[in-house]
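Peer 1: Protein chains in written order, with the numbering used here: chain A, 15 to 462; chain B, 451 to 821; chain C, 137 to 413.
A portion of the hints provided could be inaccurate.
Covered stretches of chain B (in silico footprint by chain C; criterion: 3 or more residues with CB under 8 Å from a CB of chain C, positions within the stretch not fixed) [stated by the list, open to error]:
{"no.": "1", "stretch": "562-568"}
{"no.": "2", "stretch": "613-625"}
{"no.": "3", "stretch": "660-670"}
{"no.": "4", "stretch": "772-778"}
{"no.": "5", "stretch": "784-791"}
If you are wondering where the hints come from, they were derived from the structure by calculation, not from laboratory data.
The beta carbon of each residue, even a glycine, is placed where N, CA and C say it ideally should be.
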Amino acid sequence: MTVSHTSLRSGMGILAEERFDAIVVGAGPAGSAAAYTMATAGLKVALIERGEFPGAKNIFGGVLYRKQLEDLIPEWWKEAPLERAVIEQRMWILGKESAVTFSHRNERYKEPPNAWTGLRVKFDQWLASKAEKAGAVPIYETVVTELIRENGRVVGVRTDRDQGDLYGDLVVLADGVNSLLGKSLGVHKEWAPDEVSLAVKEVIALPKEKLQDRFNLEDNEGCTIEFIGDTFGMAGLGFMYTNQDTISLGVGVMVNDLKKKRIKPYEVLDAVKQHPSIRRMIQGGEVKEYSGHLIPEGGFTSMPPLSGDGWMICGDAAQMVNAVHREGTNLAVASGKMAGETAVLAHQRGDYSIKTLGEYDRNVKESFIHNDLKKYRGIHGLFKEMNSDTLFGNLPQALNDAAYEWLLVDGVFKKEKQKKAIRTLRNAAGGNIDLLRLGIKGWRAING
Amino acid sequence: MAEERKKPAVGLQPENEVDWSDYRGILVVVEQRDSVAKKVSWQLLGESKRMADKLQAPLMALVIGHHVEQLAHEAVYYGADKVFYCDSEELKDYRTRPYSKLCLHVIRQYKPEIVLFGATYTGRDLAGAIATHLPTGLTADCTQLDVNEERLLMASRPAFSEKMLATILCKQFKPQMATARSGVFQALQRDETRTGEIITVDPQMPENEIATQVLEFIESTQGVNLEDAEVIVSGGRGLGGPAGFKVLQELADALGGVVGASRPAFEAGWISHDHQVGQTGSTVRPKLYIACGISGAVQHTVGMQHSDYIVAINKDPEAPIFKIANYGIVGDLFEVVPALAKAMKSRKKGNPQGVGAVIGDAVAAAQSVHN
Amino acid sequence: MLHIVVCIKQVPDSREIRIDPKTNTLIRQGVPAIVNFYDLHGLEEALRIKDEFGARVTVVSMGPPSADKALKQCVAMGADEGVLISDRAFAGADTLATSYVVALAIDKVGKEWGPVDIVFCGKQTLDGDTGQVGPGVACRLDFDQLTYVEKVEHLDDSKKEIIVHRHLEDGVERVKTKMPVLITALAELNKPRRAALPGVLKSVRYQPVVWTTNDFPDIDRAKIGLKGSPTIVGKTWVPEPKKVDTQMLTADSTDKLANELLDSLFGTELPAKLGWA
Ligand SMILES: Cc1cc2nc3c(=O)[nH]c(=O)nc-3n(C[C@H](O)[C@H](O)[C@H](O)COP(=O)(O)OP(=O)(O)OC[C@H]3O[C@@H](n4cnc5c(N)ncnc54)[C@H](O)[C@@H]3O)c2cc1C
Ligand SMILES: Cc1cc2nc3c(=O)[nH]c(=O)nc-3n(C[C@H](O)[C@H](O)[C@H](O)COP(=O)(O)OP(=O)(O)OC[C@H]3O[C@@H](n4cnc5c(N)ncnc54)[C@H](O)[C@@H]3O)c2cc1C
Ligand SMILES: Nc1ncnc2c1ncn2[C@@H]1O[C@H](COP(=O)(O)O)[C@@H](O)[C@H]1O
């Protein structure tokens, strides 16, 4: 196009008319939360989403938390499409054909629930519909191809439709982990392979009664299982969540490990499905969906600046994921809300420069987002330094071997058994010193 | 008529409480072009003969066109007891108004209880207009027809992209109408000794009342008539490019057939859309369907699974197309297809010796089957 | 100015409907509702005529309230107005009853916004799959009908003449007629456009005109909905998947393989039927 933006704006009636107070790119949890906040405050908001409808192509593991959405929409769970209320969380450490498991189950998680399992296709549609009802203008099946800038300020977006430029006082970038727009702003670089993991997930259908029996659940109770080990010695985490009559099963593996080992992510998932502990849970189920997605894993160290003249960035696009606690949607919602609130402030002041929008940066810094991510900032370094084979292959296996030895009744003295078990673990870690070092590092990584 | 618009006839409906009891017999509307009847017309007569016998009612045919007298006799040879026949200059080409007016006249006067049309473009155009005028129920695109003790036409048709079949009835109106697919039913053996009554009908509409003019008919040369084809040699992504269709065309020529395609082959621009078989293409029922380099996705197979014989040629022994094939060959189509074309040509020449040197005793075996 | 009406129907994307193997019923859940895709070709042609000659394009659909989404989509693409004919009394209509109501609506559209010159329908719907509504509407409006049109060759808006190409099994027919005319559209007619952004914005706020039975004082209630439908569905069933004993042919040379296949084929009734013998 040879016409300059300004002449386009004044030259074509309809574009001049259609000016928005704010344009949100991406109708994921972050974008919809931002749009909802702004529209509720009376701002004229456009919500742009490339999918046929919000959530059409989005996936996640499946746990939605009560708290941050409650701050946005009181008692939201009474109307949102949810699967099951999580009352039990299990952790499995897998050996080749074995598992050491921990779990916590608590009736107190019911009233009110702490978290639910959910499916993005339904959830994203619902949250976006809240924004629409509040007055946000939905523009779907539309891809934002670039940001329009004037004098260094973001003033609008260009879309892939004819006559597709749209102008607004500010743009909220909530375009998810790949955030091409964030990259175009130069706020972050192409993610390095050790900053993102690739997750693949299947949704497996199972008759409701069977599912409830297998996972020991009643009514709307749900259970989550996280597992490590059995991922070909790559840094990775698996998950298995119960929905109404489906199971979400997936694994996420660091992209650098996949590259190094030349293994395809679905091969990992296929292998995991053969593990005796997992095979039993999904037996007889029918795979209904298959999908893959990147997860930002850089955490605190990878977070870009969050605002500039005419723009703010939130959710996955800003690497706001707490990998240790598999929290992401809640960080997205919280950051979207804060960005929305800052936009309202900017609108009141009539100032869309970083002076006002920087308020958003400051709010995030004081919130749980910043603090939680900061606490775990060492994790990323730990993975980087430590050999994945040790952490995700040898150690889980050794723990299983040790447990086997310990529980096997074969006349060997218990004292001997204990020694042997410790030896197994030490060897897996690469010796006494290394085991100690790993312990200290791990402790530090988790305790900030 | 274009100048002064008639008041819309929006509310066309029946006079109340009609006595349907004097409606008897089955009427097949014969479709023709240039005095050549469409095969489906004779096929419908064949199927209707069976039903008419069951109803103990006459089988009737309606022949419309110009220079079509011979077709009236043909209709008798193919089973009609009574043929209505209208020959007129302005009826040379099919046009909805004069044709439907004539059909309505015949139906109202001779009162058949069932009226059938081929589910061709023309047949559907005409049937849709007539059923509305009468008015009565019309079932589209049937693949099974029968009558029950209550003299009801049980017209069955595929629904939901061929995934289901549904039987449609029309209890309260007469005649009961349906269009039915070509190639599904069997025509009777043509029999010149059959006799029947031929009744001439006057055209019902003068030329100056007909706004529509057929300027010309362009017979398709590169286009293809898959629906009527008896042999289809189809190619898919496995062809790798437009050149692959030349190889298939050679085999199709040898077998007296035409070339079909899967959607990816069309989408890649290797061949035009009228060759595409499947859910978003044509539904075909040839006697022989040869699928070359086609994996057998359900969207393709719904369009061809009712072929009498299916042959699959595919490199991949696991390709799902083999599940529905009568004969399967695992191999490279670029080797197998030319070999087939060659072998077929030499058989047709009736000169098996010519290839004898190459194929040896296979020919002998072939001949023993042949005789 | 020409006035063009486009008839559209919102349909479940039947390509995505599956059959429950246990109960033999249709699984409609989660099947997206789309504008019947042939209808979009009709709309596109109307919009092209509008682009070239200037025309008013009114879209008409009979369906449930949720079909307003389909009309909005048409407005996004460039239609001027969308009319939703929606009433419980219309439910269960077959093609005869549908064409009655759609024709009434078009008649009313003509009275509200000027006489109608062209009506576009789709070749057929994905769910009804009959292609009968178009001819039915033409017949009731006393319009000439041109079905299965793959090209509009010529249009004279002052003489109100149109020349189109009708697709037939064995070729193409060039046909000329006078407006008013009803045309049913094939996919070959054109490629439907993607809505431009201003259209999308317009459609978001657009609310289609809704007409119920009350808007048709002269409507004959015996001719609408289930009551006005002469055809009834007797039974439905899922055809048995064709059972075939696949015979895999093998041989040590391609020529032998080819002949083995021909032997098999010549062993059937095919040569007799196809005149190979
Ligand atoms: C396998 C997996 C498991 C997870 N498990 C959990 C979990 O259990 N609990 C949890 O809380 N979090 C989980 N997460 C993380 C969570 O999904 C994300 O943190 C969260 O979805 C981020 O929301 P968002 O709105 O920032 O981005 P997204 O949800 O990615 O939304 C971005 C939206 O922007 C759209 N978009 C992108 N670019 C453009 C463009 N140019 N133009 C228009 N639209 C565009 C996209 O289509 C998308 O709809 C998981 C993630 C994965 C991949
Ligand atoms: C809504 C919808 C509608 C659709 N409608 C249709 C439709 O109407 N018709 C249709 O066909 N499809 C349709 N499809 C697409 C359909 O799903 C399949 O993608 C398509 O049929 C696959 O075509 P194919 O078999 O040619 O290609 P592929 O699936 O890629 O198969 C190619 C095959 O060729 C084999 N092959 C490769 N090279 C050779 C060789 N040298 N010799 C022998 N074999 C070789 C391969 O082993 C493979 O089996 C539709 C899809 C959708 C979603
Ligand atoms: N309910 C409806 N409302 C408006 N138009 C319709 C409706 N049903 C069918 N049509 C039109 O008639 C065409 C043929 O439909 P059908 O006879 O159902 O195959 C469709 O492509 C539409 O253009």
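Peer 1: Compare the structure with each hint and give your call.
Peer 2: Tested hints:
1. 562-568: Our answer is that it is violated, as 0 residues pass the Cβ test (under 8 Å) against chain C, missing three.
2. 613-625: holds (count 11)
3. 660-670: holds (count 10)
4. 772-778: Satisfied; 7 residues make the cut.
5. 784-791: Answer holds; 4 residues pass the 8 Å Cβ test.
Checked against the numbered hints given earlier, this structure breaks only hint 1.
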